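Protein chains: 2
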Amino acid sequence: MTELKNDRLLRALLREPVDTTPVWIMRQAGRYLPEYRATRERAGDFLTLCKTPELACEVTLQPLARFPLDAAILFSDILTVPDAMGLGLGFAEGEGPYFERPVRNAAAIRNLAVPDPEQDLGYVMDAIRVIRRELDGRVPLIGFSGSPWTLATYMVEGGSSKDFRRIKAMMYVQPEVLQQLLEVLSDSVAAYLNAQIAAGAQAVMIFDTWGGVLTPEAYRSFSLDPMQRIVDQLTREHEGRRVPVTLFTKGGGAWLEAMADTGCDALGLDWTTDIGEARQRVGARVALQGNLDPSVLYASPERIRQHVADVLERYGSGSGHVFNLGHGVHQFVDPQHVGALVDAVHELSAAYHS
Amino acid sequence: MTELKNDRLLRALLREPVDTTPVWIMRQAGRYLPEYRATRERAGDFLTLCKTPELACEVTLQPLARFPLDAAILFSDILTVPDAMGLGLGFAEGEGPYFERPVRNAAAIRNLAVPDPEQDLGYVMDAIRVIRRELDGRVPLIGFSGSPWTLATYMVEGGSSKDFRRIKAMMYVQPEVLQQLLEVLSDSVAAYLNAQIAAGAQAVMIFDTWGGVLTPEAYRSFSLDPMQRIVDQLTREHEGRRVPVTLFTKGGGAWLEAMADTGCDALGLDWTTDIGEARQRVGARVALQGNLDPSVLYASPERIRQHVADVLERYGSGSGHVFNLGHGVHQFVDPQHVGALVDAVHELSAAYHS
Chain U
1 MTELKNDRLL RALLREPVDT TPVWIMRQAG RYLPEYRATR ERAGDFLTLC KTPELACEVT
61 LQPLARFPLD AAILFSDILT VPDAMGLGLG FAEGEGPYFE RPVRNAAAIR NLAVPDPEQD
121 LGYVMDAIRV IRRELDGRVP LIGFSGSPWT LATYMVEGGS SKDFRRIKAM MYVQPEVLQQ
181 LLEVLSDSVA AYLNAQIAAG AQAVMIFDTW GGVLTPEAYR SFSLDPMQRI VDQLTREHEG
241 RRVPVTLFTK GGGAWLEAMA DTGCDALGLD WTTDIGEARQ RVGARVALQG NLDPSVLYAS
301 PERIRQHVAD VLERYGSGSG HVFNLGHGVH QFVDPQHVGA LVDAVHELSA AYHS
Chain X
1 MTELKNDRLL RALLREPVDT TPVWIMRQAG RYLPEYRATR ERAGDFLTLC KTPELACEVT
61 LQPLARFPLD AAILFSDILT VPDAMGLGLG FAEGEGPYFE RPVRNAAAIR NLAVPDPEQD
121 LGYVMDAIRV IRRELDGRVP LIGFSGSPWT LATYMVEGGS SKDFRRIKAM MYVQPEVLQQ
181 LLEVLSDSVA AYLNAQIAAG AQAVMIFDTW GGVLTPEAYR SFSLDPMQRI VDQLTREHEG
241 RRVPVTLFTK GGGAWLEAMA DTGCDALGLD WTTDIGEARQ RVGARVALQG NLDPSVLYAS
301 PERIRQHVAD VLERYGSGSG HVFNLGHGVH QFVDPQHVGA LVDAVHELSA AYHS
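Residue numbers (the numbering used here), protein chains in the order written: chain U, 1 to 354; chain X, 1 to 354.
Hints were generated in silico from the structure; no laboratory data involved.
The structure presented is a predicted model; accordingly, all values stated were derived computationally and were not measured.
Treat the hints loosely; a few may be bogus.
[Stated by the list, open to error] Capping the alpha-carbon separation at 20 Å, the derived lysine to any residue pairs in SDA-like fashion look like this:
| hint | chain 1 | residue 1 | chain 2 | residue 2 |
| --- | --- | --- | --- | --- |
| 1 | X | 162 | U | 91 |
| 2 | U | 162 | X | 162 |
| 3 | U | 250 | X | 254 |
| 4 | X | 162 | U | 328 |
| 5 | U | 5 | U | 19 |
| 6 | U | 162 | U | 78 |
| 7 | U | 250 | X | 161 |
| 8 | X | 250 | U | 216 |
| 9 | U | 162 | X | 96 |
| 10 | U | 250 | X | 274 |
| 11 | U | 250 | U | 262 |
| 12 | U | 250 | U | 330 |
| 13 | U | 162 | X | 159 |
| 14 | U | 250 | U | 225 |
| 15 | X | 5 | X | 66 |
| 16 | X | 162 | X | 212 |
| 17 | U | 162 | X | 98 |
| 18 | U | 5 | U | 240 |
| 19 | U | 5 | U | 67 |
| 20 | U | 162 | X | 94 |
| 21 | U | 162 | X | 328 |
| 22 | X | 250 | U | 164 |
| 23 | U | 250 | X | 164 |
[What the hints assert, rightly or not] Examples of chain U residues toward chain X, derived with CB under 8 Å:
| hint | residue |
| --- | --- |
| 24 | 163 |
| 25 | 212 |
| 26 | 216 |
| 27 | 253 |
| 28 | 272 |
| 29 | 293 |
| 30 | 298 |
Each residue gets a CB set at the ideal place from its N, CA and C atoms; glycine is no exception.
Bound-form chain U, shown alone (with noise of 0.2 Å):
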């Protein structure tokens, strides 16, 4: 195994010393960038790029080529289980994903079974392998699912929602069955993202992008304790060192102590929490992962900057902080201004790590 050149990343998910604090950026490989444009365009479509390793791959590390980020993420959708499950994942366009065979009642749920990773979802694993001999040690690479309870959105609704009707129908007049559907997918992320870590993946995510629609009670139930049963299951150490484990729950600032107890190492942050208010919560137990509003990026390099200057005061002094954004960086977005973030996360956090 090569020795990792730079593992910030692994070191601020642990909460041990770094010398400056890392970045990467949610959807980092992603359509601002005008290379990523022209390989998706080469691909034909976007699932094609996703399935297609090599391609995969060129498009993690577009992004490295560019800006000193302190990792790659696998390129990927969080909906390759419940494609691999036989639901049918399409991609109008820009009308975002659909499932042709949406699963709706007991039968259908009855009917599913956790894919074999390595078989169902080979190209994932190949991606991880050929990234991992790509990158060479320069960083480490960042695996991901999306969480039971999100994959479940899309399942039931059949593609995004407003307002998840079929899913709370289902939630609140057949607990059980839906309950059903989250084991199942508990079980396949699990297996999904311990295969993620066999063939590479440094540290792993868990996107759970729809949590904060429920209820503080049906979030712990549907969403949390789902997450719960995956990290119990969850490969801690691989190539001799701990592989971190962060999730993040979009819109779930208020849950944050109780997503620290599932005993993962890091919990990401959307904007709307403040992050030094979220570390004096959690901060002894967990890293934490964010926050900057993906908006600031239309503003001036200066103003980034300064923007970059606050989430990094007020996060305050020692390890335990990955910069990121709240959440996916927009598609309109100047790929100069992601660099202007990138180097002053670099420049202004040395002094918080003397």
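Chain U is fixed; fit chain X onto it per the hints.
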């Protein structure tokens, strides 16, 4: 002036003793009611319905004929104020609202003036007068407006938005321009609500639908401060009674203390906040309105009753609670389920007011 026969709502909003917890429902006059759809059909389009006082009165009263609700709420749209400013409000079928002339730069914003409510929004004041006459003191009438920030999002984006990129770019690039827009909106909303109070609204509510997409700091500057400017200007007594003011920021559960500091009488809560915890935080200073997940109405009347019991128990004994959903009732809900909710509130809450 006719004596109010049922003043539970006004008493609860002021934390005065009541016999049962009052209940009304956001969007109680709406598409889930067949009689609403019939009137809407007759009107031809949504805006004509809003702008014809007799029709607005008709739909305002429809839910009261079905359910023993404790309040009527003016039937109108949150975007009437920018429409009166000359932006040209329209509704694309199934697409939501849009403005023909969005405001996207300093010059367009400088040209905006505070509308004269009686002249430019006379149809709203006429509707209030007709509704008060027809209500004949049965229950109080609630007036409302969108918050400055929420109105500004539609005015700058030109309609609904997922990422609010235009207004957020303005916020981070030209904050002083956005502040100018929010100032004219604050003064416009204050004049509008005062005119509603003069016309007969017995309580008013400010809907801050999109405050929850802001950072804590930006929420204060761009959403809460403008609402404060309104609260400071409002007529607080009319017809010999206090006119309670309710602020509702969807997704604003983290900021209840700051909202209560404005001097408003009550806070609306969405379903992501525990109403018992909210009461512990601010219940000695303000009443609380909410906060059942609207999706509970897809469940059976028996389950709805259980969820109502749960919210009542979380709030606990004593006055200061106005039962409501955490957001508007969905259009696909069975009206009988709304009836089950209203009955459950009255039956189960009496025990908390002995």
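So, going through the hints one by one against the coordinates:
no.	hint	result
1	162/X with 91/U	holds (18 Å)
2	162/U with 162/X	holds (10 Å)
3	250/U with 254/X	holds (14 Å)
4	162/X with 328/U	holds (13 Å)
5	5/U with 19/U	holds (13 Å)
6	162/U with 78/U	holds (18 Å)
7	250/U with 161/X	holds (18 Å)
8	250/X with 216/U	holds (15 Å)
9	162/U with 96/X	holds (13 Å)
10	250/U with 274/X	holds (18 Å)
11	250/U with 262/U	holds (17 Å)
12	250/U with 330/U	holds (16 Å)
13	162/U with 159/X	holds (16 Å)
14	250/U with 225/U	holds (16 Å)
15	5/X with 66/X	holds (18 Å)
16	162/X with 212/X	holds (13 Å)
17	162/U with 98/X	holds (18 Å)
18	5/U with 240/U	holds (16 Å)
19	5/U with 67/U	holds (16 Å)
20	162/U with 94/X	holds (13 Å)
21	162/U with 328/X	holds (13 Å)
22	250/X with 164/U	holds (16 Å)
23	250/U with 164/X	holds (16 Å)
24	163	holds (6 Å)
25	212	holds (7 Å)
26	216	holds (5 Å)
27	253	holds (6 Å)
28	272	holds (7 Å)
29	293	holds (5 Å)
30	298	holds (4 Å)
Of the numbered hints stated above, none is contradicted by the structure.
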